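Undergrad: Residue strings, one per chain:
There are 2 protein chains.
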Amino acid sequence: MSDTTGGKGLAGIASIARCAREASRELALLSDETRTSALLAIADALEENSERILTANAEDCGAAEKLLSRGGMTPALFSRLLIKETGIGEMAARLREVAKLPDPLGKRLAATELDDGLILHKESCPLGVIAVVFESRPDVVPQVASLALKSGNAVLLKGGAEAANSNESIVTVWRERLRRFPDVPQESIQLVQSRSDVTELLGLRGEVDLLIPRGSKEFVAYMEENSRVPVLGHGEGVCHVFVDRLADLHKAVSVTLDSKVQYPAACNSVETLLVHKDIAAEFLPRVVAELERANVEVRGCPRVQALFPEAKVVSATEKDWSTEYSDLILSVKVVDSFGHGLEHIRQYGSKHTECIVTEDQAVAERFLREVDAAGVFHNASTRFADGYRYGLGAEVGISNGKLHARGPMGIEGLTTYKYKLRGNGHIVAEYSGGIRQFKHKPLG
Amino acid sequence: MSDTTGGKGLAGIASIARCAREASRELALLSDETRTSALLAIADALEENSERILTANAEDCGAAEKLLSRGGMTPALFSRLLIKETGIGEMAARLREVAKLPDPLGKRLAATELDDGLILHKESCPLGVIAVVFESRPDVVPQVASLALKSGNAVLLKGGAEAANSNESIVTVWRERLRRFPDVPQESIQLVQSRSDVTELLGLRGEVDLLIPRGSKEFVAYMEENSRVPVLGHGEGVCHVFVDRLADLHKAVSVTLDSKVQYPAACNSVETLLVHKDIAAEFLPRVVAELERANVEVRGCPRVQALFPEAKVVSATEKDWSTEYSDLILSVKVVDSFGHGLEHIRQYGSKHTECIVTEDQAVAERFLREVDAAGVFHNASTRFADGYRYGLGAEVGISNGKLHARGPMGIEGLTTYKYKLRGNGHIVAEYSGGIRQFKHKPLG
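So the protein lines, in turn, are chains A and B.
Letter by letter, the first sequence follows residues 1 to 444 of the numbering used here.
Letter by letter, the second sequence follows residues 1001 to 1444 of the numbering used here.
For reference, chain A alone in the conformation it holds in the complex (with noise of 0.2 angstroms):
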């Protein structure tokens, strides 16, 4: 493990960090052409040692094996920590993806001149250090730190004990392809692997930046809770699809499905339908149908179940409304008004991605004006929320909150800015003297 770690062994967490942050003031000044080139060898050398990385995964795999005919393990949580064989051509494939976007740093995001010879610029720089903290998933590795390199970030990466052959064995290639850079410090990538690292992690404010965990609902809340590092939280996904009453029902059925069979346990999927009652009757019979055929579980508010007397549709409770199913579980309720449909949306909805389905151009815009969320979609399905589809290369995870980055954030939620004043020996006592004035003129 050394050999991710700084070369530090057994090293805290706080040595690791110090390191990072050394290793993110030399990234700050790397060119983009390095970091991009960095990138794309990495990608090659991923390919390269795929039967390496894959052996590696065989072991976490079979480990997990044994867990889960235990119960030690859930079979959701099995299927994310498999790398298939296609998979490392998928890792490497997203990490050119990520390499091309354009230079994330230096941007300028506003230029004034103040007065004569007092120009103000806003430029775009690094965050510094960031932490990700995640379980199974192994692609979680690559997608994180592609994104970090890219933005000049230095990253510390805590995966689950579970992945932990897999995570090593892509941060060792990382770090082997990254000597032939020797502008690029090894230390701007390091994995921290035991659990008490993570409670000493959520105390050093100062000397990381950024802190993301990706995980429950509550392993979230704890580390929001508990941190003293800016924490961006994976956001939970209570995600809603509202059919209006002018619905196009292939439509509403195709968005349906996509939005709650194509991966049931992504945080985008639909847990509540909502349905306008002028449309109840016609659409929920095609698309209950549907849904039982895809083996999903409907849980209806007492005007489904109206509709089905055979007693098919099992009674939703209030939980259900706020209850992130990951699975294939759907609340479907019946609102009288656009307006009770929002209401509901307001009381329940994670502020994640809210779908409606309706061909009423006008319904539609106040529906995205309206709702207050990170993603808010007319005809399309919420599986869409996500930093590759958005075209923004990868995610670092995907944000409830509303501060610094909101919905799937990718590169640019990796970076600040800083002001530069470039003068001339100017005070303000002159400004406040009324010496001189401000022009405050905006330059293009």
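The calculated PhoX-like cross-link candidates involving lysine-lysine, where the alpha carbons are at most 20 angstroms apart (straight line), are:
hint : chain 1 : residue 1 : chain 2 : residue 2
1    : A       : Lys-441   : A       : Lys-122
2    : A       : Lys-439   : B       : Lys-1100
3    : B       : Lys-1277  : B       : Lys-1251
4    : A       : Lys-319   : A       : Lys-217
5    : A       : Lys-122   : A       : Lys-439
6    : A       : Lys-100   : B       : Lys-1439
7    : A       : Lys-122   : B       : Lys-1107
8    : B       : Lys-1122  : B       : Lys-1439
9    : A       : Lys-100   : B       : Lys-1441
10   : B       : Lys-1217  : B       : Lys-1319
11   : A       : Lys-277   : A       : Lys-251
12   : B       : Lys-1107  : B       : Lys-1122
13   : A       : Lys-107   : B       : Lys-1107
14   : B       : Lys-1441  : B       : Lys-1122
15   : B       : Lys-1100  : A       : Lys-441
16   : B       : Lys-1122  : A       : Lys-107
Note that these hints are calculated values from the structure, not bench results.
All values derive from a computational prediction rather than experimental measurement.
Since the structure of chain A is provided, determine the placement of chain B on it from the hints.
TA: Quick look at chain B alone, frame taken from chain A:
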């Protein structure tokens, strides 16, 4: 007081926050024209009611004078409490500046064609409900409230007891004038008066979107550590002026003096002067003479003291290097090189604002690039680090953090964004299944 807290009298802060949330929904739908007209009308109202506000302020100042004479208040706090006769006009002028800023809402931050008929827009929108906790200065009320209204946010204001009458008179005038704008809810601005409310405020996660504490370092730290609501703390300022070996001495003296003397209580005033050893013998006698003329106490490292054999320079202790004096005191250190200067800033700076004085352009650019702070200045006083001077209209605070907003935080810091996705029944399964490919074409 009932008039300024949503007519709810003794209502708890949770219910005040809920009123603010409802108001924020209406605010988010207002046109820029309405928000701007309301602000201009309020600016007039403040001027028309200046006597009323000055009378209220005189009451607060009368009570404060008694406290002051008993040592129950610092002179600095007292001076911030007083509204000068010209103060109302200045408040109104600032309001008009904020009113005429470009609309911060509905800005298209990005537009991408994900595929035929599937268009993604990233658009700015208000945060929702902002809470600001501050002490003394009643001019914070119009400054913060104007930025909030311009950016479509509801605001909860918790001022200090010492300014209760002043704050209430301003908010009352504000709300009275809002009656002329039936679309703008009066609950968009609410005063919170009791001290116990602050504790409750810290727990209103989900009800309040952003909490901005303005006050002492200890106060801000307390809020940051105890709040479940996201906090952007008004930053501590341990700012440096670094006088390089190739500095123009006239500029160096002038920038140092302005940075220290122009308003020493401000967070953007300088606390430590770093001087390159090659220029120390020539520069220090000049600057120290000027500083003493301005009643600044100089605390020097041994090399500084050695230059003043008559021992008029006090010895700086380790504690001095990390102290924000907020007073007419300046610590001074001679450093061996540019690198040593950077190292000192890295160790002791608060990432607020850092300045270099030099005629060497290459050295200046290195400084602006390598120093990690919200503001990095070349040949300009640290006192320019201010929302109004930056052309942001005003500021709700200055953030030393790197997330969301950095440095002086104006209307942009009070906005977030949402992703609007418009499709025509698009589903993810077709992309995962390889039937369709993403285009990810940036739109102009």
